[in-house]
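Peer 1: Listed below, chain by chain, are the residues.
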Amino acid sequence: GAVVSQHPSWVICKSGTSVKIECRSLDFQATTMFWYRQFPKQSLMLMATSNEGSKATYEQGVEKDKFLINHASLTLSTLTVTSAHPEDSSFYICSASGNFGGGELFFGEGSRLTVL
Amino acid sequence: AQKITQTQPGMFVQEKEAVTLDCTYDTSDQSYGLFWYKQPSSGEMIFLIYQGSYDEQNATEGRYSLNFQKARKSANLVISASQLGDSAMYFCALHERSTSYGKLTFGQGTILTVHP
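Line by line, the protein sequences give chains Z and Y.
All letters in the first sequence, in the order written, are residues 1 to 116 by the numbering used here.
All letters in the second sequence, in the order written, are residues 117 to 232 by the numbering used here.
Keep in mind the hints are simulated off the structure, nothing from the lab.
A portion of the hints provided could be inaccurate.
As the list claims (entries may be wrong) - Derived lysine-lysine pairs resembling DSBU-like cross-links, with alpha carbons at most 30 Å apart:
hint	chain 1	residue 1	chain 2	residue 2
1	Z	K66	Y	K219
2	Y	K219	Y	K132
3	Y	K219	Z	K41
Stated by the list, open to error - Quick look at which bits of chain Y chain Z covers, simulated, 3 or more residues with Cβ under 8 Å:
hint	stretch
4	155-165
5	213-226
As the list claims (entries may be wrong) - Here are the in silico distance ranges between beta carbons for each label pair:
hint	chain 1	residue 1	chain 2	residue 2	range
6	Y	S196	Z	E87	24 to 32 Å
7	Z	L76	Y	Y217	12 to 20 Å
8	Y	K186	Z	S83	43 to 51 Å
9	Z	L76	Y	E133	41 to 49 Å
10	Z	D27	Y	I162	12 to 20 Å
11	Z	L26	Y	S216	20 to 28 Å
12	Z	M45	Y	D145	33 to 41 Å
13	Y	S216	Z	E63	18 to 26 Å
14	Y	E133	Z	Q60	35 to 43 Å
15	Z	W10	Y	E131	30 to 38 Å
Heads up, the beta-carbon is just placed ideally off N, CA and C, and yes, glycines get one too.
Can you build the whole structure from these sequences, using the hints too?
Peer 2: Next comes the structure, spelled out in structure tokens:
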């Protein structure tokens, strides 16, 4: 079946640095990808919708200058956490939508970010 | 109002017994879909079952079935013959057709613990 891959699975960085997380659709073209954030034992909160070839659509309260999203191809979206701070430590997970006709969406494995 | 609500923060069930996880939703869309995902401690989102708003039959997938009561706006997940490996966080999610293809709103989640 379709697979969405995220990289890296784990990342630890120093405060003030930037971190890039990749989300790839491996065997289908994803015109739209979604980035979620999840704090421990909490729900997934949508951060932004990533559209191939156009600007991402951010949810209310999400800083677009801090969480840069690029969807340069039909198989790759990247989330860059800029000038990361400890409060950005979280689990980031993407999902991909291609010819979605009802049924399962495909999620990446998630990326756990720890900012020291 | 919350679009999707899971009122059970935690549930316990004996191995081999059935368990129902509650989910209610609120949408003005006539066309929508409801998803259930399992999230083990590894963090991956495992798709379990999907119900479309126009589906006349309740969805079933192996040991998983969805008790869809449209008038009550509820979409409860029933897991039959629970197994120890079913212990995980379970999320109900809503997709409204008026939104981006694949955009989901998640409930708060229910932590299911299966006892031997």
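Peer 1: Determine for every hint whether it applies to the structure shown.
Peer 2: Each hint, compared with the structure:
1. Z/K66 x Y/K219: 22 Å, holds
2. Y/K219 x Y/K132: 34 Å, violated
3. Y/K219 x Z/K41: Given that 30 Å is the threshold and the Cα spacing comes to 21 Å, the pair holds.
4. 155-165: holds (count 5)
5. 213-226: Holds, because 10 residues of the stretch 213-226 of chain Y bring their Cβ atoms closer than 8 Å to Cβ atoms of chain Z.
6. Y/S196 x Z/E87: 24 to 32 Å: Hint violated: Cβ distance 42 Å, outside 24 to 32 Å.
7. Z/L76 x Y/Y217: 12 to 20 Å: 18 Å, holds
8. Y/K186 x Z/S83: 43 to 51 Å: 47 Å, holds
9. Z/L76 x Y/E133: 41 to 49 Å: With a Cβ separation near 44 Å, Z/L76 and Y/E133 satisfy 41 to 49 Å, so the hint holds.
10. Z/D27 x Y/I162: 12 to 20 Å: Holds - the Cβ-Cβ distance for Z/D27 and Y/I162, about 18 Å, lies within 12 to 20 Å.
11. Z/L26 x Y/S216: 20 to 28 Å: 22 Å, holds
12. Z/M45 x Y/D145: 33 to 41 Å: Violated, at about 20 Å.
13. Y/S216 x Z/E63: 18 to 26 Å: 20 Å, holds
14. Y/E133 x Z/Q60: 35 to 43 Å: Since Y/E133 and Z/Q60 have Cβ atoms about 42 Å apart, the given range 35 to 43 Å holds.
15. Z/W10 x Y/E131: 30 to 38 Å: 32 Å, holds
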